[in-house]
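All chains should be built: construct the whole structure from the sequences, respecting the hints.
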Amino acid sequence: MDRVGLGWRGELAASILERLDAIDVLEVIAEDWTRAPAREQRSLRALGRERPLLLHGVALGLASRHAVEDKRLAALARLFETAAPESWSEHLAFVRAGGHEIGHLAAPPRGPASIEGALRNLERARRIVGTTPALENIATLVAPPASPMDEGAWTRRIVEGAGAPMLLDLHNLYANALNAGIEPVALLDTMPLASVRLVHLSGGRWLRPPGLAPRLLDDHLHDVPDPVYTLLETLAARVPQPLTVILERDGEFPAMAHLVSQLVRAREALASGRRLARRAA
Amino acid sequence: MNPFAWSGGKFLLFYAVVAVAVIAFVAWRARGRSDSRVNVTFMTSDPYRIAYLRGDSAEVIRVSVFNLVDRGLIELREDGLLVTVRKDAESLVRRAIDRAVLAACFAGTAPEALVANEALLREARAYGRDLEREGLLPDAPTRRSRLAWLVGALAVLVGVAGVKAVVALAQGRTNLVFLAILTVIACLFAARASFRRLTATGKDMLDDLKVLTMRLLGRAGTLKPGGASNEALLLAATYGIWALPAGAFPFVETLYPRPRSDGGGDSGSSGSDSGDSSCGGGGGCGGCGSD
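Protein sequences, first through last, are from chains A and B.
Its first residue numbered 10, the first sequence is counted upward by one per residue in the numbering used here.
Its first residue numbered -12, the second sequence is counted upward by one per residue in the numbering used here.
By construction, these hints were calculated from the structure, which means they are not laboratory data.
Watch out, some of these pointers could steer you wrong.
Unchecked claim - Mimicking EDC-like on lysine to aspartate or glutamate, the simulated pairs with C-alpha atoms at most 20 Å apart in a straight line are: (1) B:LYS211 - A:GLU261; (2) A:LYS80 - A:GLU90; (3) B:LYS211 - B:GLU62; (4) B:LYS211 - A:GLU27; (5) B:LYS190 - B:ASP117; (6) A:LYS80 - A:GLU27; (7) B:LYS190 - B:GLU240; (8) B:LYS190 - A:GLU59; (9) B:LYS190 - B:ASP43.
Said to hold, decoys possible - Stretches of chain A that chain B covers, calculated by requiring three or more beta carbons in the stretch to come under 8 Å of a beta carbon on chain B: (10) 47 to 59; (11) 120 to 134.
Positions of the beta carbon are idealized from the N, C-alpha and C atoms, including for glycine.
Here is the structure:
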């Protein structure tokens, strides 16, 4: 059964707890909690008794030739043990290099080296945390240089090589497609759709640097644009497996009713896609 | 190796060790085990439950008054009395305590008189019974059990001291002042450890709520008055009305001036780590790559 949920943000705590009737699942940012005392981590269990919890990592930097530090994986493993989430996810990105933290989820060159590095890191993550994370495609304003592979092929090699589920961020996909000048649905079709279990929805804004082509920035501060709901409908029509859709909002929080209306639209898009699939069958 | 034959200083040390062990045991028995069956929704569906769990009946009334003033259903007149603004106000609230406060304010009442109003206190105590049923506050059997363990602990503490006193007196030593003082202190600590207000489940629930709403407290300054959202009410219930920003809710200090010992509500819990590269704190993950 498809599920629709929301990213847990402490700022929205009261509203989320009041509108749990509209939320099937909650996603928690792992790094908000990995360094918290065990007592605070245990409060996630209380949240998990309300709705299934998903843990979402943003700082491992799996898609890198550099090994993810053991201490980061160990902290995640401890949190996983304490909070007892349903599953966890991470990005196909690198976040540090040469001892420097980038502060962003950066797209690595899409080639054999980053694939090998990602698979090595994923194997270590699986051993230490106990399960393989769902892997998320990231947004990028420019195609990473020195990339002999396209995004779909590169992502497929890692996801299928690791035997991992995929967290498909549809706004990231949408932004990458527009920034690269290709059709979003064409990019969607290159992704390992059979592995998709989780979906992220979010919004962004256009950057219009003088003298350069406009770029869509995924900032999680805006509403989900209509074409992203259409992509969700398309995805639901193309895959038979149940999908868990998470709406991400990191700031400039609107009224909860507005967020709930976006959850409703996501449900409608899923239902519409499933209807299309049934009709086609 | 008979401790009752030991000299004063050595015996007092022995007695202190015994007392610490007894108090620790009583505290452990009084805390009990946490029961995870109670859920957060049960608490947050009625924030007055949280107010009672954190405080007492008077605290429920204070939070209710805050809520009703914020919603504009009662107002503080210049003569210092709270009055119900609308005749149909009672039809606009669903909780019994809110209705009772509105009824009490029809004729005009001082804020302090409300928290001493026996009818309101009786209404607020219903939350206590609710919380007892859920195991968040000790119920009568739990209190009896705690009392029985306390009586046992006191018997040990007084008994050991008593035997030593008899032995000492038999040996002609009468300097028992330090032992008497130590016994009284140990008994007081044992009593204090026995009469915890919350059960382990209740304490865990309150701690969980504080952790989960910590960030909401952090942005309390952005809350808008006027009962537009449930956030201010949840914060008032979880951390106390004085945790709300005076800029947005100036009437709080007028209604119930902050006690001198209160340093900003019950908001002292530590913050969780926001983590490096985290997207959780707002501002998104934009840039050259984002999630």
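Going back to the hint list, which numbers does this structure go against? 6, 7, 11
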